[in-house]
Structure formats: C-alpha cells, structure tokens
Amino acid sequence: MPHDSAPIPSRRDFLKGVGCLTVGFVLFGANPLLAAPGNPELPGSLQDNPRINAWLEVLADGRVRVLTGKIEIGQGIRTAVAQIAAEELDMPLERVEVVLAETGRTPDERYTAGSASIEQSAMSVRYAAAAARQKLLILAAAQFKTTPGRLTLRDGAVHASTGRQLSFAQLLGGQQLTDEVRLPIQLKPKANYRYVGQSIPRPDIEQMVRAEPYYVQDLRFPGMVHARILRPPSYEGRLASFDTKALQKAVPGVLQVVIDGSFVAVLAEREYDAKLAQDYGRLHARWSGGRKLPADQPLAEHLRSLPAVDKRTTDKGNVDSLATDATLRASYFKPYLMHGSIGPSCAVALFDKNELHVWTHSQGVYPLRDSLAKLLKINPDNVHVKGVPGSGCYGHNGADDVAADAALLARAVPGRHVRVQWSRDDEHAWEPYGSAMLFDMAARLDPKTGRITHWQHELWSDTHSTRPAGSPEKLLAAQYRATPLLPKPEDDFSGGIYRNSEPYYDFPAVRVDTHYVQGPLRVSALRSLGAYGNIFALECFMEELAVKSGQDPYEFRLRHLTDERAKAVIRKVRDMVRSEKLAARQGLGVAFARYKNKAAYCAVVAKVSVAPEEDGATIRVLKIWSAIDAGEVINPDGLRNQTEGGLIQAASWTLNEEVLFNTQQVTTRQWEQYPIFRFDEVPLVEVAVLNRTTEPPLGAGEAAQGPTAAALANAVFHACGKRVRQLPIRPEKLL
Amino acid sequence: MDANLTLLVNGKQHTLRLDPATPLLYVLRNDLALNGPKFGCGLQQCGACMVLLDDVAWPSCQLPVHQVTGGVAITTLEGLAAPDGTLHPVQAAFVQEQAAQCGFCLNGMVMSAVSLLRQYPKPDEAAIRNGLFRVLCRCSVQARAIKAVQRAAGV
Ligand code: FES
Ligand code: FES
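In order, the protein sequence lines correspond to chains A and B. Using the numbering used here, you'd call the opening residue of the first sequence number 1 and step up by one each time. Using the numbering used here, you'd call the opening residue of the second sequence number 1 and step up by one each time.
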C-alpha cells in the first residue's frame with residue numbers, strides 16, 4: 001500500500017471551530033531568543049492528545065515514526081511534519097517516516113480542513129518532538145552520569161563529548177515516550193535549522209510519477225467486490241420499481257443487487273459488470289417524487305426571497321446614515337460551485353466478525369468512524385477507519401458519502417472487501433457544493449479626505465459546512481434507506497457563511513448583516529467557505545469606490561490599513577507588476593485579504609485581455625501574481641505550490657464555473673457542462689513568499705481564493721470598462 | 001461473451017479471457033493491476049486514463065479492449081522508466097518541478113507530454129498547452145506542468 005513515506009506543508013486546515021485555531025508558539029524557558037510574545041498555549045491538537053507517543057514513536061532500527069491525524073490531500077503535510085520532526089530531533093530526514101490519519105493509531109485531529117494542517121498538526125509534532133528531545137537528553141545524561149547540556153543529538157542517537165553514544169531506541173529499551181507534553185519546552189533555535197524553511201521536495205511525487213500504488217483507488221484485496229450506486233434522478237426521489245431479474249439477464253455478471261428503500265447498489269466480481277449494471281439501472285429503474293428545484297427564477301432573486309435566520313455578525317459604530325447618504329451601492333452574486341475532484345469519490349470497506357474496516361479519502365477519519373458506527377448501529381470500537389489519499393478534494397466532497405455506501409454494502413456481503421467507485425455523474429450531481437451567495441454592499445466616502453467612513457455588507461447564503469461530524473444523517477446513503485435519516489437544518493450559524501465579510505480595513509463604522517437561508521442544492525465546505533464570495537464582493541466594492549473617487553487602487557487600500565504585514569503584501573505585489581506593459585483592452589486588477597482575518601495575508605494582481613465585442617468578447621487571463629505572508633514557512637515551495645494552485649483554481653471558478661439545474665435535477669453532470677480551466681485557459685502565475693521566520697505559521701492553503709476572484713473582476717473592468725458583479729465572469733456578460 | 005485476447009502492454013504479451021467490449025482502462029487496472037491510468041470520468045473528457053498506443057497518447061476509458069489487440073504497443077506510466085528504474089526525462093522533470101499536488105492527473109500529463117515530445121521534440125508553450133489540452137487538473141498545477149515539459153524538452 002501507499003503511504004509510508006514523506007511530503008510538504010501548506011493547505012492547512014481547520015475545523016473544530018475557532019477555539020483551536022490559536023497557535024501556541026511561545027515558549028518559556030531558557031532561551032530568550034525563543035520567548036517571542038504570543039499565545040502561551042500548546043496547539044489544540046496537542047492539548048487533545050498530550051502524550052509524546054501519540055505523535056512520535058522511536059523504532060528499533062533507529063528511525064522515528066511520526067503520527068499525524070491529518071490526511072494527505074495534496075497539501076504536502078507528510079513532508080512538512082517529517083521536516084519538523086527531523087529538525088527538532090536532529091535526525092536525517094530520510095529516517096523519519098510518517099503515518100497519516102487512522103483511527104486507533106494516530107491522534108484524533110478531527111478534520112483535515114480550514115488550512116490548519118500546519119498550524120495544528122505540524123506544530124503539535126514540533127512540540128512533541130522537542131519534548132522527546134528534552135526527555136532523551138535527560139535519560140542519556142543519567143546513563144552517562146553527566147548533564148543534558150553536555151550532550152548532543154545526532155542521527156538518531158545521543159552523543160557525549162567522550163565519544164560515547166546511545167541510540168534513541170537503546171535509551172528507551174523498547175519503550176516509548178509516554179510523558180505528556182507540557183510547557184515550558186525548549187524548541188530548537190531557528191538559526192540552527194537545516195530542514196525547516198527549506199523547499200524539501202515531496203518524495204510522494206516520485207511515487208506518483210512511478211505509478212506506485214498510492215491512492216484509495218489503487219487498493220486491491222483478494223476477492224474484492226466492485227459496486228456502483230444507483231442514485232435517483234432528483235434529490236429525495238424514491239425508488240418505485242427496479243426489475244432486478246431483468247438486470248441479471250442483461251448483465252449476467254451481477255453478483256447482487258442491494259435495495260434498502262431508495263438506496264440501490266449493484267455488486268459484481270468485475271468492475272465493468274458493475275458499471276454496465278449501473279448503466280442499465282439508470283435507464284430502467286423507475287423513481288417517483290423528488291424535490292422540485294427553483295429553476296424558474298434567477299438564483300440571486302430566489303436566495304433573497306427565502307425565509308432567513310438573521311444575525312448582525314459585525315456591528316461597529318453606526319451606519320444608519322447610509323440609508324440616505326451612501327456614496328455607492330452594489331449587489332454581487334456567487335453561484336454554486338463544485339469541488340470537482342478529478343478522481344470521483346471511492347472507498348473500500350470490509351465487514352468481518354462484527355468489525356467494520358473502511359479505507360477512505362475522507363478528511364476526518366475519527367468523525368467518520370463515529371458516523372458510520374451510528375449508521376450501522378455498532379460500537380465505534382468495532383469500526384476501524386484508515387485514511388488513504390484520494391484525488392484532491394478542496395473541502396468536503398463525496399468522500400464521506402462513498403465511505404457510507406461502502407460500509408452498508410460491506411455488511412451485505414460480510415467477509416469480502418467491497419470497493420465502491422462513484423461515477424463522474426454521481427460526483428458532479430451529488431457532491432455537496434459550495435453555497436451560492438448574494439451580497440448587497442453600501443459605503444460612504446468622505447469627499448474631503450477620500451476615506452471610507454461607513455461600510456455595510458449584507459449577505460444571503462446557505463451554510464458552508466455540513467460535515468457528518470460524528471452523526472449519520474448527513475451521509476447521503478442514510479437519507480435514502482428504507483428508514484431514512486434526515487438531516488436537520490444547520491443550527492450552527494458559524495458554518496463559514498460570514499468568513500471574511502468583516503473588512504480587514506480600518507473603517508470607523510461597519511455593519512455586516514448575515515442572512516442564513518436554505519438554498520435548493522446540497523452544500524458543504526468548499527475551499528475557503530464563505531470567504532471566496534465575501535472577499536469577491538468586498539474587494540470589488542473597494543475598487544469601485546477607488547475608481548469613483550479617482551484614487552489609485554493600491555494607495556486606496558494601503559491608506560485604509562494599519563497592519564504593516566497587510567501593507568507589505570500589497571506593496572510587494574505592486575512591485576512585482578510595476579514593469580508590466582498593457583496593450584489595448586488589457587487590464588490589471590488588484591485585491592487583498594487576510595484569510596479569516598487571522599490567517600495568511602495575500603495580495604493578488606491579475607492581468608487580463610478582453611477581445612472586442614465583434615470577436616465575441618473573449619476574456620483571457622494572461623498572468624496572475626501573488627504575494628503571500630503565512631508567517632513562518634516550513635516549506636517555501638510547498639506554500640508556493642499551494643498558492644499557485646489556489647490562484648489558478650480560483651480563476652477557473654471565477655471565469656468559468658456555475659452549477660446549473662432545471663426543476664428536476666442538477667444539469668451540469670459532466671466536465672463538458674461544467675468546464676473547468678483547461679491548459680489553453682490557464683494563466684502563468686508568479687508567487688512571492690514573504691517568510692516571517694519569527695512569526696507563527698498561518699493557514700495559507702485557502703488564502704488566494706477570494707483575492708483572485710476580485711482581482712480578476714477588477715482587471716476585466718480596467719480592460720474594458722465593464723463591471724461584472726455576477727459570477728462567473730462570462731464574456732456574454734460584457735456585451 | 002468472453003473471449004481470449006492478447007495484449008502487448010509495456011513490452012509484455014498478456015493473454016486474458018474477457019468481454020471484448022471492456023474498456024481498456026478496466027483491463028489495465030483490474031486484470032493487470034496497473035496503477036498509472038486512472039478512472040476520472042469514463043467519458044474521454046479528463047485525460048486521467050491516458051495511455052500510449054504505439055506512440056500516441058489516447059484515453060483508455062472508452063476504448064474497447066478488442067480494438068487494441070494484434071500487436072498495438074500499449075504503454076502505461078509504469079512502462080516509461082528504464083528497466084533499472086531510471087525515470088523517463090518527462091517523469092524526472094515533473095519530479096524536479098514538483099509539478100503535482102494530489103497527483104491524480106499526473107498520469108495524463110506525463111503520458112500526453114511523452115507523446116507530444118515524440119512528435120515535436122522542441123515544442124513552444126502553445127504547443128505544450130495544446131499537447132496537454134485533454135488533461136484536467138483540479139489542484140491546478142498546470143503552470144508547473146508547462147515548466148516540467150519545457151525542462152524535459154530542454155526549451
Ligand atoms: S477517465 Fe478517461 S478521459 Fe476521463
Ligand atoms: S495534481 Fe491534483 S488533479 Fe492535478
């Protein structure tokens with residue numbers, strides 16, 4: 001199987017709410033160099049799993065094994081945690097192996113989400129490794145009858161000045177370090193770093209390029225059965241009839257058809273037979289009911305018309321006067337977007353001797369274990385969930401759903417591994433999308449000073465997070481069984497809806513009104529959640545105000561900021577494009593945000609050209625530049641890779657993408673109907689990383705999404721004078 | 001109806017008993033346990049399943065296996081490296097440029113690039129974009145992939 005060697009940092013993730021986001025970075029203790037101001041707490045993941053051996057094991061052959069509760073989703077977490085452990089323990093990097101999320105094995109770090117892999121997991125490993133180092137030195141000092149200060153660590157051993165040495169394994173005599181990690185902990189001085197801050201290549205990229213087994217899709221077990229699911233044509237459709245005898249006749253390779261209410265699956269020894277059976281079922285199964293979708297009304301209007309739960313999420317100063325003296329008002333819209341993983345969701349499950357084993361690319365193995373235990377009504381101790389990389393997910397896609405499919409089917413054929421592969425149509429039509437959003441903006445600019453005095457941001461959106469989180473009813477299969485479990489509307493108002501709606505700018509009076517509505521489509525977390533839409537609206541509106549008052553877009557932003565790090569990324573990106581020449585109908589657009597207002601700082605400039613109307617007004621993105629400050633950088637190339645990907649992906653969202661539906665169903669069910677960027681559309685990208693080695697690392701993997709959207713809209717405006725406020729920015733909207 | 005079919009994959013002959021309509025992708029992954037070609041869409045729209053047929057990159061997800069018997073040289077990602085394990089220059093260039101995130105699209109990119117360079121050893125940027133056009137990448141490492149192909153071609 002794949003997964004036991006190393007990769008990088010960056011798409012850090014989040015979860016668990018705000019509480020665990022604070023990064024403990026401060027150290028007490030001896031080295032005054034390290035006693036930086038900050039939060040004197042350990043990372044939340046480490047507080048939840050405080051023992052050293054939860055994170056780190058010493059192997060008999062002298063290697064060290066690091067355990068992370070995060071899964072590799074292309075963000076390079078494997079390399080990042082290896083770099084950090086090797087650093088603190090002064091080990092060669094090749095002698096550190098990494099184990100990824102697996103229940104009963106690795107720490108429970110809930111979800112690999114929210115750009116928190118570095119902030120949480122890697123920082124936990126840093127403290128655990130530093131604590132291990134301290135303990136190993138103490139143990140060795142006792143053996144050598146000296147003091148820890150006279151000893152050094154090298155190559156997995158503690159060395160005395162006399163030349164004596166003992167390997168970590170010898171020092172522990174087969175035991176592991178079970179001490180709890182407690183402050184104060186002395187971290188290695190950053191000046192002595194060898195690995196951290198270096199662009200260490202991800203070893204798993206070579207595995208991939210060699211076609212070694214790596215993905216959950218590559219798992220093969222003796223006697224494994226292949227399954228496909230038959231979903232209804234519409235949300236909430238119910239199975240009316242399915243002639244399984246006719247199916248058996250048409251596709252003799254079918255082993256079994258599982259029908260549990262409207263949850264229907266076909267199983268076969270050969271995958272192709274399962275596919276044929278699915279094709280057959282799509283043509284011949286009969287369904288009834290199904291929820292009608294509001295296709296007869298523009299989506300923006302529909303969102304505005306829905307009953308809402310309202311909350312004033314920011315209220316600073318008084319903006320009432322805007323009712324009469326706003327300088328500018330504008331509405332913006334963001335459609336439903338797809339995660340669009342290149343490999344559709346897949347899982348393998350085995351039900352054997354009352355135990356369930358699941359191999360999954362879910363972002364949260366522990367919450368999934370609890371959800372599956374409840375779904376199958378078995379004890380969570382009898383559920384084992386192992387994280388195996390899948391195709392990049394960018395949030396909560398069909399990963400958990402397909403794992404539930406596999407779990408239910410495994411119980412139907414106990415003793416055999418069941419592999420469920422979603423089809424492209426399943427993924428496109430049933431994944432939980434990123435929510436559509438609508439924004440009304442208003443602001444007042446002081447005509448004398450040119451500064452913004454009042455700012456109002458009103459938004460309508462569904463939730464941005466419906467992860468199963470330990471309960472079963474959000475899993476698709478659960479909703480369609482004979483005894484369906486139906487999800488309750490989200491009561492958690494914080495589900496990412498108003499992320500980054502509060503401006504990072506220093507405006508005297510700000511109000512944000514958030515209207516939580518239940519939209520027509522299935523939704524959940526998509527990279528950056530509400531931040532993409534909120535920043536799009538906020539940074540377009542900033543630009544509109546700058547243009548209206550005749551101010552330079554960079555200076556306009558800079559003069560409303562007080563945080564020097566924010567200003568630095570804007571200045572940096574301005575420098576990067578200073579020598580750009582613009583031809584006719586070309587434009588540059590800038591935008592800035594600090595992700596979540598507390599994670600990475602990111603400024604983006606896009607250069608576009610807009611062909612004239614007579615040529616169909618095509619929009620071409622020529623290049624995108626970005627400057628990013630994510631605090632201390634563990635692996636600069638990893639961060640650059642993530643940011644480049646964010647820029648291009650967000651450009652594709654912004655220019656091309658929109659989930660569409662008719663009254664019956666989602667109609668964008670293939671790539672042809674949901675055309676993400678192809679190679680001819682992809683811009684060149686250039687990313688500058690501002691490495692702040694003395695600052696805590698900040699979540700960065702989602703930082704580019706919002707600024708890219710606004711930078712593109714602003715660039716299109718400067719290229720052709722047309723302001724597009726409804727995403728996606730399709731050429732027809734320029735006519 | 002199953003039939004005996006002989007395929008030439010990565011230089012080796014395999015005789016298999018299968019439904020001749022089975023798409024090549026399923027045969028490569030399931031009967032020959034190869035991991036290079038991936039299932040992405042099954043619709044010839046994403047390039048994840050790319051293989052070389054003789055020297056030409058072609059999606060294998062809808063290609064009935066009976067059409068590639070009779071000595072067509074099928075090469076998968078596994079078949080690119082030299083017998084001693086030395087990576088093909090295109091593979092090596094993707095590693096050097098770290099042109100992957102999740103890597104799911106890598107097969108399509110590498111196979112398309114190999115095919116492109118066999119036809120046009122010194123492609124310009126437009127030719128590279130064109131050569132990789134059928135491959136989708138959602139992590140969006142395309143800018144790096146272009147650099148990797150340029151590196152492999154020495155342009
Ligand atoms: S899987 Fe063949 S092109 Fe997508
Ligand atoms: S690297 Fe993930 S799809 Fe290309």
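Derived by calculation from the structure, the hints in this document are not laboratory data. It cannot be assumed that every hint is accurate.
Reference excerpt, derived from the structure (chain A facing chain B, CB under 7 Å, subset only) [as the list claims (entries may be wrong)]:
# : residue
1 : V209
2 : L219
3 : E269
4 : E271
5 : L486
6 : E613
7 : D615
One side of the interface only, derived from the structure: several residues of chain A facing chain B at Cβ under 10 Å [what the hints assert, rightly or not]:
#  : residue
8  : G197
9  : S199
10 : I205
11 : Y280
12 : P335
13 : P520
14 : L521
15 : N641
16 : I648
17 : Q670
Quick reminder that beta carbons are idealized off the backbone N, C-alpha and C, glycines included.
Outcome of the hint check:
no. : hint : in the structure
1   : V209 : holds (5 Å)
2   : L219 : violated (10 Å)
3   : E269 : violated (10 Å)
4   : E271 : holds (5 Å)
5   : L486 : violated (31 Å)
6   : E613 : violated (25 Å)
7   : D615 : violated (19 Å)
8   : G197 : violated (16 Å)
9   : S199 : holds (8 Å)
10  : I205 : holds (5 Å)
11  : Y280 : violated (14 Å)
12  : P335 : violated (18 Å)
13  : P520 : violated (24 Å)
14  : L521 : violated (19 Å)
15  : N641 : holds (6 Å)
16  : I648 : holds (4 Å)
17  : Q670 : holds (6 Å)
Hint violations for this structure: numbers 2, 3, 5, 6, 7, 8, 11, 12, 13, 14, all remaining hints satisfied.
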